[in-house]
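K.L.:
Could you build all of it, start to finish, from the sequences and the hints given here?
The numbering of the sequence shown is numbering that gives the first Met the number 0, which starts it at 0 and goes up by one.
Don't read these hints as lab results, they were simulated from the structure. One should not assume that every hint holds.
Label pairs and their computed distance ranges (CB to CB) [to be verified]:
#1 Ser58 <-> Gly164: 39 to 49 Å
#2 Thr184 <-> Thr71: 42 to 52 Å
#3 Pro47 <-> Pro155: 14 to 24 Å
#4 Ser152 <-> Ala70: 21 to 31 Å
#5 Val9 <-> Ile163: 18 to 28 Å
Here a beta-carbon is modelled for each residue, glycine too, at the ideal position from N, C-alpha and C.
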Amino acid sequence: MLTWILFGYVLGSVPFAFLLARRAGIDVRVSGSGNVGAANVLRTTGAPLGVAVMALDISKGAATVWAAHAATGTIDAMAAAGAAAIVGHIYPVWLRFHGGKGVAVAAGVFGVLAPIAAGAAAGMFLAIVWFTRLVSLGSLAATVTLPSVAMISGAPPQVLGAAIGTGALILFRHRANLRRLIGGTERRMGERER
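P.N.:
This is the structure in structure tokens:
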């Protein structure tokens, strides 16, 4: 099990946001929100790189779970590897543990582990972002939706535990966004950094 936790962490910690933005001459750690994730790349470099980072982050989450499935076929290894990938993305050793917020990676992980719950969370995210243009609000709503639907749809206990644990971590990483949402100062999608 430790092998899959380490594998998940290492793969999850590959900082695609940092690497792609750096090719465009931007260090996302000190630009925009300072977050090493797709939303900040979108804000600081534009849609093409932002979408590319999101796709890569989703892919690394899904790939981690699929690799554990192919090698072991056990839900324990799959859930552990997936959860570790999300932690690796949020706290990557390569960037002194300064990473993203884990939403896109979680989408990839739970798209494999709990597709019904992931689909519901994605739908919630898209609906809220469409109507409000607030990515953080959509992310928070999706994060709460995922474990709720996973429980209702009968996901295995290991998957439910991973969803609750990583969901709590993702919510914690959004605490500054939550304060700005409450204060009415959160930036909407399309508003670039000055």
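K.L.:
Take the hints in turn and mark each one as holding or not.
P.N.:
Hint check results:
In this structure, serine 58 and glycine 164 break the distance hint of 39 to 49 Å, their C-beta atoms being roughly 22 Å apart. Evaluation of the 42 to 52 Å hint for threonine 184 and threonine 71 yields a pass: the beta carbon distance comes to about 46 Å. Look at proline 47 against proline 155: about 38 Å separates their beta carbons, and that is not inside 14 to 24 Å. For serine 152 paired with alanine 70, a C-beta distance near 26 Å keeps the hint of 21 to 31 Å intact.
Between valine 9 and isoleucine 163 the beta carbons are some 24 Å apart, a value that agrees with the proposed interval 18 to 28 Å.
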